[in-house]
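Enquirer: Chains as they are written, first to last, in this note's numbering: chain A, 1 to 437; chain B, 1001 to 1249.
Hints may contain errors.
[To be verified] Derived DEER-like restraints, expressed as beta-carbon distance ranges:
#1 A:K107 - B:R1107: 52 to 58 Å
#2 B:A1117 - A:S52: 47 to 53 Å
#3 A:S52 - B:E1163: 52 to 58 Å
#4 B:G1027 - A:G289: 50 to 56 Å
#5 B:D1179 - A:S370: 37 to 43 Å
#6 B:T1190 - A:K78: 47 to 53 Å
#7 A:L378 - B:E1163: 25 to 31 Å
#8 B:M1115 - A:N54: 50 to 56 Å
[Said to hold, decoys possible] Below are the EDC-like pairs computed for lysine to aspartate or glutamate, each with C-alpha atoms no more than 16 Å apart in a straight line:
#9 A:K357 - A:D311
#10 A:K394 - A:D379
#11 A:K44 - A:E137
#12 A:K4 - A:E59
#13 A:K394 - B:D1071
#14 A:K394 - B:E1074
Hints are computed from structural coordinates only; laboratory data are not their basis.
The C-beta atom is built at its ideal place from N, Cα and C for all residues, glycine as well.
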Amino acid sequence: MSLKDKLLSSFIAFEDYLEDDSPIHDIRNKAIKSFEDKGFPTRKEEAWKYTSLNSLLKEDYNLYSKQEHTLEFKDVRKYFLHEVDTYKVVFVDGVYSSFLSETTHDKLDVCLLSAALGKEKYKPVIEAYFNKIAKEESLTSLNTAFAKEGAYIFVPNHVEADKPIEVINFSTGSEAASFLQPRNLIIVGENAHVQIIERHQSLSNNAVLTNSVTEIFAEKRAHVDYYKIQNDQIKASLIDTTYLKQEQDSVCKVHTFSFGGKLIRNNLNFYQAGQHCDSVLKGVTILEGKQHVDHNTLVHHISPNCESHQDYKGIFDDSSTGVFNGKVLVEKEAQKIDAFQQNNNILISDKSTINAKPQLEIFADDVKCSHGCTIGQLDEEAMFYLRSRGIGVKEARALLMYAFANNVLESVKIPELKKRINKLIAQKIGVRLGFDL
Amino acid sequence: MLEIKNLRAGVDDKDILKGINLEVKAGEVHAIMGPNGSGKSTLAAVVAGKEEFEVTQGEVSLNGEDISELDPEERAHKGVFMSFQYPVEIPGVTVTNFIKTAINETRKAKGQEDMPASEMLKKIKEKAELLEIDRKFLSRSLNEGFSGGEKKRNEIFQLAMMEPKLAILDETDSGLDIDALKVVAHGVNTLKNKDNAIIVITHYQRLLDYIVPDYVHVLMDGKIVKSGSKELAYQLEEKGYDWIKEELV
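Take these sequences, add in the hints, and give me the full structure.
Expert: Listed below in structure tokens is the structure:
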């Protein structure tokens, strides 16, 4: 049975199992029909031209974990931040782990979506926000149909979250191949502030395919700082789709660090609904072996006087492949916007590939839009400079790669996280430098 | 110290150096002057080991050892230092961390332990003072957003830290105002001793008022066509290079 058929037949059992009066019963049914019509995306679609899911879809995935697995904190400690206290929403094989999580309902809600879906008091919020900005695309629809578990974060107006929130999805590899579909809903009220770190982590060498969807609503003057750490095992693949809707004067920043995993597809969609919004999309991708990462971004400027900044750096070794497909869409009403897009790539090996496709669609006449895209090798002159100071080829390359990725790291606002990412980069580049980067 | 014999080098079949002979002894300062495009910077880069240039003939030896087949980092480990005309910007790596890496990589190559942190700090402080470099400057990203003068001063700071046997200053005076020039020259003169040697590459006599050469060489069309004392530099300043061309004919 194909994965699609397997999912469609399991949906009936899934819906039966859930209560009929679920507020999203109708949304789910509509979504599964949409997925049934569209099926998984293929390379015939322009947006999937450079990324094929074929080999991933051939695996015989287990859709539900047969038994619950508990993890000892000490075994997964390294995936969490330590120097700062954090709220934690943790899932193990798609099942919420109360043992590893640290939730709250005091000043803000940090809990799990299934709890929010089931409780009367959350009903108005769910009705107002759930699936309101998610597009009817096949993989998003598939996620919506099965939406049950994920993080639910609600920061009320004027509340500044007192600590960062970590959302981590562990996969234990208890099945030969697992299919996971986390669904996060994040609402940040007027003038509220929050920092969120999201991670998908496989703990074995078994195959995992995650189809994750996150909706983020930033109300007026809200500040959202979102970090995605993608450093998974070599047989773990991720399709990560994020929708953000920004109201007036809000600032949303998403940093994506892609170092590990087999195949990663990031769909990052920003909608600027109010004036004077600021959207920041940054990423560092460092790949080797046969890894593949596809960044597909959309910044939709609907309102005037807004800004958007995109800065993606990629370093590709061996026969790894990268895709950057960045679209900036400026509507007729969106006058006086300032949209900037930058994508720089370094190909270390002759066999590595990058497909870069910046797209600007501008219907307003008084805007400032710019984009720059480069593909190259490490600068020979810079290499000579470092080597002439006694620094060997390997270390010199590492320093230059680090320098290349550096300006993306500068805007990481959690010092410990920045340090961790620096370490990951040093590890990934494969050198021990004589100082902490 | 440095012996260059009949050195021919070029890039893509184009000869740039066409038979250079030069001997620099320990304790000496040599100036190399010449018009644009005569091969001055190429000579510096070839001695430092830049791979872009192909050496087709001749020999470069340092203290009797042929170094012409060595990698740039190996030459640095043996005591060759070149101050760059256009130093490269390295965002995210501070001046301090860069120099620490350079020193410890060199020590590692010689089979030595890392320099102890306290000793490193002391040395950094001492050399920064010598070149009138502010402490804040040391925690900035290497060369990023530096003015022309700051870049050159930073090059000489690195020179002071690495204490090479042979220092080649490639147009260190360009982009420096007179005050900065004096500071840089003072730094170089303080570092000079009987065991090391300096090659100063410059267009102008001005720098040589402060770093006084024992010998001045004129490089034209890839060859040293005239050598003399520091008086030669004054003559060049006054009369340009045409009279030498005429002399050659």
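Enquirer: Give a verdict on every hint.
Expert: Evaluated hints:
{"no.": "1", "hint": "A:K107 - B:R1107: 52 to 58 Å", "result": "holds (54 Å)"}
{"no.": "2", "hint": "B:A1117 - A:S52: 47 to 53 Å", "result": "holds (51 Å)"}
{"no.": "3", "hint": "A:S52 - B:E1163: 52 to 58 Å", "result": "holds (57 Å)"}
{"no.": "4", "hint": "B:G1027 - A:G289: 50 to 56 Å", "result": "holds (54 Å)"}
{"no.": "5", "hint": "B:D1179 - A:S370: 37 to 43 Å", "result": "holds (39 Å)"}
{"no.": "6", "hint": "B:T1190 - A:K78: 47 to 53 Å", "result": "holds (50 Å)"}
{"no.": "7", "hint": "A:L378 - B:E1163: 25 to 31 Å", "result": "holds (29 Å)"}
{"no.": "8", "hint": "B:M1115 - A:N54: 50 to 56 Å", "result": "holds (55 Å)"}
{"no.": "9", "hint": "A:K357 - A:D311", "result": "holds (14 Å)"}
{"no.": "10", "hint": "A:K394 - A:D379", "result": "holds (14 Å)"}
{"no.": "11", "hint": "A:K44 - A:E137", "result": "holds (15 Å)"}
{"no.": "12", "hint": "A:K4 - A:E59", "result": "holds (12 Å)"}
{"no.": "13", "hint": "A:K394 - B:D1071", "result": "holds (13 Å)"}
{"no.": "14", "hint": "A:K394 - B:E1074", "result": "holds (14 Å)"}
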